[in-house]
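Chemist: Residue-level listing of the chains:
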Amino acid sequence: LSHTHSDCCCYHNSPKSYILLKTWDPALKKRDDFEDILEERRSSSDLRYALRCYVPVVYKGIAPCKPGVLKTAVLQSDRLRHVVAEMSKETGESADVIREEASGILEEMAHRLRLGTVRFFAYSLSKAFKALFQRVRVNEDGIQRLQQSIQEHPVVLLPSHRSYMDFLIMSYILYTYDLSLPVIAAGMDFLGMKIVGEMLRMSGAFFIRRSFGGDKLYWAVFSEYVKTMLRNGYAPIEFFLEGTRSRTCKSLTPKLGLLNIVMEPFFKGEVFDVSLVPISISYERVLEEALYARELLGVPKPKESTSGLLKARKILSEDYGSIHVYFGHPVSLRSLAQGRINRSQYNLLPRHIPRRPSQETQAFVNETAYRLVRLQEENMVLRPWVLVAALLLQNPDGVDMERLVEQTSWLRGLAVSFGAFLDWPGNTKAVASSLALHTGLVRTEGGRAQLAMEPKEPGSPEEDLFDRAASVLSCASYRNQILHVFLRPALLGMAMQMAEASRKDDIYSCFSFLRDVFSNEFILCPGGTVQDFDEACYMLTKCAAVHVQKQEVVATEKGQRILSFLTSLFQPFLKGYQVGPAPFLELVDYPRHFCFLGFLPSLTCYEALSSDVQKNALAALLRMKVVRKLKV
Amino acid sequence: MASDGHGSERQRAASRRLSAIAGHLRTAGQQQRPQVAGIHCKAESSSDGEEAARSTTVPRRRQEVMKWNGWGYSDSRFLFNKKGQAEFTGRRYRLSGMVLPSLKDWFESTFGASLQHKSPATATLNASAVPFPSLNEAFLQDLKSTGIPFSHEAEDRVFRAHGHCLHEIFALREGKFGRVPDLVVWPNCHEDVVKTVDLACRHNVCLIPYGGGTSVSSALECPPDETRCIVSLDTSQMSRILWIDEKNLTAHVEAGIVGQDLERLLNESGYCTGHEPDSMEFSSLGGWVATRASGMKKNVYGNIEDLVVHIKMVCPRGVVEKSCQGPRVSIGPDIHHFIMGSEGTLGVVTEVTIKIRPMPEYQKYGSVVFPNFEQGVACLREVAKQRCAPASIRLMDNAQFQFGHALKPQVSSIFTSFLDGLKKFYITKFKGFDPHHLCVATLLFEGDRERVLQHEKQVYDIAAKFGGLAAGEDNGQRGYMLTFVIAYLRDLGMDYYVIGESFETSVPWDRVLDLCRNVKERIVRECRERGVQFPPLATCRVTQTYDAGACVYFYFAFNYRGLADPVNIYGRVEHAAREEILANGGSLSHHHGVGKLRKHWMPESISDVGIGMLKSVKEYVDPDNIFGSRNLL
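Those sequence lines, one after another, are chains A and B. Counted the way UniProt numbering counts, the first sequence spans residues 1 to 632. Counted the way UniProt numbering counts, the second sequence spans residues 1 to 633.
By construction, these hints were calculated from the structure, which means they are not laboratory data. These numbers come from a predicted model, not from an experiment. Every residue gets a Cβ at the ideal spot worked out from N, C-alpha and C, and that includes glycine. Among the hints, erroneous ones may be present.
[Claimed, not checked] Facing chain B, according to a computed beta carbon distance under 7 Å, are these residues of chain A, among others:
1) E270
2) F272
3) G339
4) R340
5) S344
[As the list claims (entries may be wrong)] Subject to a maximum C-alpha distance of 30 Å in a straight line, what follows is the list of computed DSSO-like cross-link-like pairs (lysine-lysine):
6) A:K60 <-> B:K429
7) A:K615 <-> A:K629
8) A:K429 <-> A:K558
9) A:K194 <-> A:K127
10) B:K429 <-> A:K66
11) B:K385 <-> B:K322
12) A:K89 <-> B:K429
13) B:K82 <-> B:K118
14) B:K431 <-> A:K60
15) B:K82 <-> A:K71
Could you put the whole structure together from the sequences, leaning on the hints where they help?
Modeler: Here it is in structure tokens:
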């Protein structure tokens, strides 16, 4: 049962059926089937859907309470009382004033979930989604597992973050399946949007400042608020491990703050277990595609504003393809912590007194975060366009259509054997539909496909350059989605090249070096070098690209194509890190970005302009103590 | 005694007291009451050389009155009669001879058990299956010359090879015996013990003291790899009250006396110790000292460490005791605290001076229903905070409350059942308590009448603040009565594929709820993961309150049909439950002790240095490991 772009206009007329993803290698991970939730929306009343009886299943130990009661519970918690008393002692300020301040923080932060608002969203999002997307496909088995989990233990939802759409989609799906709506940690920037911010608040968002480093009171209010909701089983708690939207569509190094907070109630015995649910949301076409590229080139992110949102209405007229949402298996925190965390370390200090987590705890939280992000990656559905983009970027002068189809099909085989989760409609259709959906990024003329590089309206050379770079970066953001599949084998390939020898030890040390260099760029769990190396060897052996012997790793004849593909796939990053040090001298506004463009040898190096690559390169160099920060 | 005009008043109090105790502990028939004895042990025991004159509850041949493979008296047991109704046999207890109509339904629905599926025990002890005693002849010769009674009969030895852990009883029911003591000796007095220990040291014989045999920590299990002759030193014949000092309110008592005898004898003089552990029918004073026992009425009388004034213990190194009876001393670390909790690893406690109190003038039971366990715990915490806990206050969770209901005897009149219905209606419908969440606290007040009534009001007022409703004396009294019959119930369960046990901990107040919830959930989860086919019963109650925390008691049982090695699975689940307790800030034990069952966790419980301290004491006191039970360390 293959679905293509062309037959989906009549898709909603076809009988309801599970879409089988035939493409995954059965030897690899078993994945669930998807169901399109828009299908029903297209055939029945949105209004009735928005107004239907909504009775979600809830946590068995729930202590039902209104948002107002929740606030009181937080403000009167031992933890907060303790912090207030301490601060009052430190600063000489009266406790009442500090308590008032805490109440203000909470007021600014707390959600005010209202069913009415949720229904409004249910209605308007139905309309919007139908206009924007062909399909919103969800794995229903995952939904069922989630439903089970919600009843048993407090649940933490951890979706990937590629778009503002993410949390709207999440809440929309949960509402559709009659699951309790999550409370969502959102950035304070949303509050800049006048009405919308408050509406998000009423649909379950709570707002946290982007940075509050040393603010003890803020931290106390915030963490106690989240923990209170978790302990009471108030609602699933949703936040983004990556902390922010990934502008590059690569997964970002996870942030640990909130993860620490939601784990603590388990460590301290306040809940029996916590279910961590990784969720992968993949977009065939990201709404913010163009914005991201510009941001990466140094154009500041537009401030969130309601009028901006209204202006963005024009996106409603475009086609953004499908969305796949995969609810992963809930991970039991208790099982993860088994044998790792000695919970009795919390026995000797009253539990409301905050203290730094022990080193073993920090390491555990960090490792768990990486693990969860990798689970998100693994279940990310990839569309053919991702492969096509990767190939086009490697062929800046364009490719014959026939050849492109052949190469894409070859690449698909490789990706699948490495465990990629592909949604594949058939080779020819895959390429054709990909190109059709991304006309802004690719030109097809005379049987050749090529990245769209020439500006729509010619401007100054700098502006042209900017447009070209933006277009490369947009394209790269699709290619980036598949990097996690190839990362480990590619690192091995690069290491083999770098070592210029076949001794396994040499290759391993190069591998380890590269892995270290790129650990800000990709999801590479600290301390996992050996495992990653083995994994890479296994994968390349499986596709017969290398021979791994006791002492040596040798490339095979057949492996040349694979290895050269892999190394050139990651070439832009290597290049980016090579030129990375150049723009150290404050890179804030975009004209400065271009000062070193003169010596850029090839197209791939447009990617070196990405502030993300530069940021990561700098971080890596600092971490590896190659450079030193002089001024903070 | 009673030199003032209150003599008759005291007599009346004594008889009230007796009837109260008889309420839950009615002893069989007309036994001769033991008398407060003189100090001359030899004189007495040599006078007619036999026990007849001093009939204690516990004869040397325990098997004559008690079960060899189950709990308590041979004549008292639960069974399902031909009509499928549960009955309790015998005449000793209030429940004896009664029919319990709802037990069967509760039993079958809670465990998924069925009366069709029986798992009966081996009926009689097969002496030939008991390992042959390996005797130390030289020791035996010397022992004979002292005239201290001894035996190496299989029945006597088997009886002293176990406590009442599930695995111990399960093995007995299957007729399986591991390492058992080679010899049992019955010293009559302190001097006899000194001689025995002396001989043991001289001939390198392993001694394991035996008091009431109610251990639930594998403390009485013989180390299987012990190659020396193992001698069980049964203190049961050392059961006299040697003197009572009414000026200082103390009594000097031989350590082998069991709880019920001690109370009865003191009651006759108008006194009591007030120390009532759940096992008090059978457990001994020396055992209490050796395990740091706790009694249900500790709020008034204190735990064993608060009750003892003086201890005499015979060790391989000699006899250890203090030289005065000062009520409190500052003379270095308290040596009593080396003795209390030493679990038979250092020596034998032979005589104890214990505090006594005049018998309470008035006793009143009570009970309170709470809408849920959380409220109940909050109430107990408040009671502890105001330091106004009654003699006993216990809070059962919902499952235990339902269990208690299943043990209600047949109601005799329509009127009572009508009243019961009315009560139920009032609580569930009128007050809106959810029958699946409500829980009950049972109370016992003691003291003079005025004060009891006042106290009662205070406690009920606090309870009301937490949504508690007074639920009558009857419910309270039944709650305490159950304590004494519950151990018999396990034997019934084991007749029908249900195994279970209780375990306890102590925990700071702020952790009580979390610990209860997590441990119960851990039990359920572990059972499921280990292939137990039926959901287990995991229930708890808060049994003691302290200033800084509470004692929590768990019952855990499951239906083991379909399991190849139920005892092993039981053990693993209990192990996991203990891990959970420790991870939740609970202690390794509140009063059961460590024995061999829990010694695995000792280093993490008291630190390596702590272990070193205990070891160095052991090394000095008993360098040759004569007291080789290998408990604790």
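Chemist: What are the numbers of the hints the structure violates, in ascending order?
Modeler: Hints 3, 4, 11, 12 and 15 contradicted; others consistent.
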